[in-house]
Amino acid sequence: MTATTPGSQAELVPPGADILRCEHIAKNYGAVTALTDVNLRLARGEVLGLIGDNGAGKSTLLKILCGFQQPTSGRIFLEGREIVLKSVDHARSLGIDAVYQDLALVNQLTVFQNMFLNREKIRWPLVRNQAMRKEAREHLDEMGVQIPSVNAPVAMLSGGQRQAIAVARSVFSNPKILLLDEPLAAMGVKEGALILDLIARLKREGNVSIIIIAHNYAQVLEVCDRVNMIQGGRITLDKRTEETSAEELTELVVAEYREALRERQRSA
Amino acid sequence: MSETVHRTIGETGVPQRGQPGAGGGLGGALTRALRVLGRQREATVFVIAVALFLYFLIAKGSDFTSKSNQVTLWSDDVAPYAIIALGEVFLLICGEIDLSVGFVVGFAPFLMHYLTDFYGFPGLLAILFALLLGVAVGWVNGFFTVTVGVPSFITTLGTGFILLGLINTTSHDQPAAVPADVLGIGKWISNYAWAPIVWAVALTAVFHVVLTRTRWGLHTVSVGGNLLGAREAGINVGRIKYGNFMITGLLGALVGLQQMYYTDNIAPTAGSYQWMFYAVTAAVIGGTAMLGGVGTILGAFFGAVVLGILLDGFPLIGVNADPLNIIFGAAILVAMVANVQLTRLRERGQR
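Chains as they are written, first to last, in the numbering used here: chain R, -12 to 255; chain A, -7 to 343.
Bear in mind the hints are in silico, worked out from the structure with no lab data behind them.
Here the structure is a predicted model, which is why all the values come from computation and not from measurement.
Hints should not be assumed to be uniformly reliable.
Stated by the list, open to error - Covered stretches of chain R (in silico footprint by chain A; criterion: 3 or more residues with CB under 8 Å from a CB of chain A, positions within the stretch not fixed):
hint, segment
1, 17 to 28
2, 178 to 189
3, 225 to 237
What the hints assert, rightly or not - Residues from chain A shown here face chain R by an in silico Cβ test under 7 Å; the list is partial:
hint, residue
4, D68
5, T204
6, R205
7, T206
8, A225
9, G226
10, I227
11, N228
12, G230
13, R231
14, A281
15, L283
16, G285
Where a beta carbon is used, it is the ideal one built from N, C-alpha and C, also for glycine.
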């Protein structure tokens, strides 16, 4: 592991303000260990950046936090109460929602159908298309997301628009915690700015606490209050954004890489 | 509603077309008509069905339009495939296929015959069990495909063979008469000559609404369009697939009973791959893709109509069944090529 000095957590945010806390989360896939021992906290209204190299365990952690996968061991606390997330639906019902890296959009469905995917408004047995169209349009306008039409199939939208739809969808149900997996991946500067604006807007409104997974540090630091670095399945750095820089974070990853290289040379 | 929405519609030019005079003249009208056809897969097949109908109407006149021929056309050559195609469309959309359904068609009447004639079940109950057989076969298909993880092509190949073996073993390869007990009930299912096509049209309407206007339909599209995404959205993917297998089995059993009444006979040869092949052909001609996520119920119905008119009409003009298969094969290929091309055209038009 790299020699880092995680700042004492107590001095960053007063205790009790945490909306989410993870203790000793581990996850094995058979013999493969994805997470060894993750301790993480998220304060109310905070935007936390979770960064690390590919394969460090970022996405695994996110999938555990949103109920898509269950941890091998460890405990999760939501607003001080311990929770065991059984499924995505369960997590959602507790106010935790995620935007996955693959966005979970169905190309064959329209924008409004995607926005209401698996939470359709129904007047049994039919879905209420008019009501959903109207609400989707209002919601997207409110969030400043510009798309050609809520009736357009999402396959026709650009990467940035698709990402915006996915983010807008997940804040639809007023989650307490929003998890974003690589929201800027494979996105142009202009489109990335669109998403960062969206996140900044959510942060200003202050109703939601956000964890953003990223490996483009420079962009993400713009909107984050605090940064955690995850390396080899554990958190190796925890700093407020203003106390660190993209250079420092990059240096940490490079140091890790050099260490691994040295190790391999030694064993060779 | 909002300015932004309307403005951006104009910018990318998505739905805001079709104003008269936009293209101007005949060329413009033609382009617009092509666009409509391109956008509505069902419309293309509908036009082909109408054209074929008119062709045989002109070529054979009263031979084609006679009541007995029209009954054969609609109730025997269209309805069974149209009904089975409803299930296959749902399965194809969610990324699966059922090859075994044709043997449910064959086995359901036999089960009903065994229950009434050998075990003394009342007719209505025996019919209910025959329908439940279809649901049970669907569940087994779902179990091996979803829970065990065998591709549905293989699962249903296996269950199909098992059903075929069951039909032949239990019937000793002998046909049976329709039990007297169930003749009365048959009126509701098939005694009336037009009953099968009435069932087919009614079920098509219901399934069209289910596919386009209910959660079940939207989730079926989601599962086929983006399996991981559907799972991440919290959709119970397994339930959708199980359900669609069971619906397909139920429809197969219904067609089996209809065929029994229609032919007034329970024959071991009624179970065959042909039901499934024609149903899938109807679905594909109608614009359903094998890759999942894409398909229409109305298209499959018109696909079955095209198929039925060819089945009925070609013998009338002296073409026998052998070259007919060449035409079917060509029609499938043409339909698939047209689908791919029209999709490209559509995308170009919208970008």
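Here is how each hint holds up against the structure:
| no. | hint | in the structure |
| --- | --- | --- |
| 1 | 17 to 28 | violated (count 0) |
| 2 | 178 to 189 | violated (count 0) |
| 3 | 225 to 237 | violated (count 0) |
| 4 | D68 | violated, 32 Å |
| 5 | T204 | violated, 9 Å |
| 6 | R205 | holds, 5 Å |
| 7 | T206 | holds, 5 Å |
| 8 | A225 | holds, 5 Å |
| 9 | G226 | holds, 4 Å |
| 10 | I227 | holds, 5 Å |
| 11 | N228 | violated, 9 Å |
| 12 | G230 | violated, 13 Å |
| 13 | R231 | violated, 12 Å |
| 14 | A281 | violated, 10 Å |
| 15 | L283 | violated, 11 Å |
| 16 | G285 | holds, 4 Å |
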